[in-house]
Amino acid sequence: MPQLIRKGIRIDESFAEAFPMTGSGVVVTAPTRKWAMQAATTMTGYATSVIGCDCEAGIDCELSTRETPDGRPGVRVLLFGFSPKSVEKALVNRIGQCVLTCPGSAVFSAFDGEAKIKVGDSMRQFGDKWQISKAIDGRRYWRVPVMDGEFLVESSVGLTKKSVGGGNLLIMGEDWAKTMRATEAAVEAVHATPDAIAPFPGGVVRSGSKVGSKYKGMGASTNDAYCPTLRGATNSALDADIGCVLEIVIDGLTSEAVAAGMRAGLKAIIALGPKQGAKRVGAGNYGGKLGPFHYHLKDLV
Amino acid sequence: MKPLLFTLKAEPDQRLDLSPLTPDRLVGRSAKEIESLSIGTTRKSVAVGDIFKVKLGDATSVRFDGGSDRFDLLGAKLLPGFEIHVEGDVGAQLGRAAKGGTITVAGDAGPYVASQSAGANIDIYGDAGDFLGAPLAGEIPGMSGGRVVVRGSVGARCGDRLRRGIIIVEGDAGEDLGARAIAGTIIVLGTAEGERIGYLNKRASIVLSEQRELGPTYVDCGAHNLGFAKLFAKSLAAESRGASRLLSGRLQRFAGDTAVFGKGEVLLPA
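So the sequence lines, in the order shown, correspond to chains A and B. Here our numbering is used: position 163 in the first sequence is 166, and no number is missing along the way. Here our numbering is used: position 137 in the second sequence is 138, and no number is missing along the way.
Rather than coming from a laboratory, the hints here were simulated on the basis of the structure. One thing to keep in mind: the hints can contain errors.
[What the hints assert, rightly or not] Just the calculated beta-carbon pair ranges, DEER-fashion:
{"#": "1", "chain 1": "B", "residue 1": "R30", "chain 2": "A", "residue 2": "R143", "range": "33 to 39 Å"}
{"#": "2", "chain 1": "B", "residue 1": "V220", "chain 2": "A", "residue 2": "D151", "range": "57 to 63 Å"}
{"#": "3", "chain 1": "A", "residue 1": "S136", "chain 2": "B", "residue 2": "A238", "range": "20 to 26 Å"}
{"#": "4", "chain 1": "B", "residue 1": "K100", "chain 2": "A", "residue 2": "K121", "range": "22 to 28 Å"}
[Said to hold, decoys possible] Computed, partial: chain A to chain B, Cβ under 8 Å:
{"#": "5", "residue": "P72"}
{"#": "6", "residue": "D73"}
{"#": "7", "residue": "P76"}
{"#": "8", "residue": "K137"}
Even glycine gets a Cβ: it sits at the ideal position worked out from N, Cα and C.
Use the sequences and the hints to build the structure in full.
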């Protein structure tokens, strides 16, 4: 594969292939930073990939007391799915089970979007007719009585169909420690990018998949071309100096956010250099026939 | 661009219906056309030109230099995006059934301010009369949206049958504050007279700035830090610092009126 060299790191002349998704987001606040983060962490659990989860979700950023609607510490959570209906179902379920239950929490829409998902309107009935709505500055909120006071939840949250899921970087290094060092630096840079999340554990995937399997009924299976232990046995994409590959998958509210996340990740990997971190960076695609969004690495370095 | 200006020539000798003089209805009209509009309410006809000197300007904004307690229905059915300022007093039904927009009154206002208003922001620097936000006789809901701030005091039955929206009274309120309120929020920073505060209140929040006795149909639910109050505090910070401060604190919640739904509340500083 043709490659560019940046500070000694080989950058594949390849591209990440991504798909249109529906995105939504909420700001979760609580009396303390700890409980805001707890609510956000809980609601974004088991949300790595739409292949097996109801959605892809992650923490976009922490918000200070000045940035949240109610002046308490907050966390901005983004959630992605393939259709508005699936996103609505996942969001309502997750807020109902993970945020409503979390002490001191409140939920606000993270952005306005082209459409709305009924969130507070769907869970107000938990109040068993004791719930009260309040309209403040054109937005409607539900006050649902709970055992530690009131659960305040915005009646509806924004939804956008302009989201993109599946931006990615394949980070290849000599061994696990060095590859992970580069990957962690890249994940940190992606986290700092607004409107983009890396939904996998700690932002990292170690089990990249290819389409199809030798087993009937399995839609996806291990990406053997990038498995270092199969380097000699399969049609490997790996060079002799690569002993570990880790992937970062990026979902964003816009295509620009995904590109910005990938650019920031690449920059962090290159800044770390090949001695401390990765030796090569690639990107996953399906030949360009499946996803309409193509992010060429050469355009991002 | 300067606003469309109405300068009062002399105190009118009859009550005036100023509903035709909202900015949205004056767009594209010449000074002569505006001066010929009829605004009288008796058998003796009165035109705008008899009462005001008209100076054309930006018609999205109308200014009245000089006011009178005979200026009725000023800003009635006002639409969003338009504004009216009155340098003086106004009469009854200020902002009646307004759908949006901004009205500021430097002086006092008469009864039925914001009656059935659905979204106007009304700021009165003086006092306001009885029945602020209330429906007229025979109508069911009162004010159904928007915001009214009265820097002075208000008369009796403020917020009667309030359906939605916020009323802030920085001075005192007359008897029967929030009577029959359906929903919405009323904040009084002064003293609320009488013993029937929130009489037959269904779901409205009435916030008072001082501890006081309430009727027997209001039940104490304890002192709490309420999230929605913090949102209100932030939202009202620019318009009423006093209201914002009151809502930022811990509030004692009295649920009522239990004579009806009991889903409303009176909030007092804890």
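Status of each hint after checking the structure:
Between R30(B) and R143(A) the beta carbons are some 38 Å apart, a value that agrees with the proposed interval 33 to 39 Å. In this structure, V220(B) and D151(A) break the distance hint of 57 to 63 Å, their C-beta atoms being roughly 20 Å apart. A beta carbon spacing of about 22 Å between S136(A) and A238(B) agrees with the range 20 to 26 Å that was offered as a hint. At about 25 Å, the CB distance of K100(B) to K121(A) agrees with the hint of 22 to 28 Å.
At its closest, the beta carbon of P72(A) sits 6 Å from a beta carbon of chain B; the interface hint therefore holds under the 8 Å criterion. A cut of 8 Å between beta carbons decides the hint on D73(A): the least distance to chain B is about 5 Å, and the hint holds. The interface hint given for P76(A) is violated, since its Cβ lies 13 Å from the closest Cβ of chain B, which is over the 8 Å cut-off. For the restraint placing K137(A) at the interface with chain B, the shortest Cβ-Cβ distance is roughly 5 Å, inside the 8 Å limit, so the hint holds.
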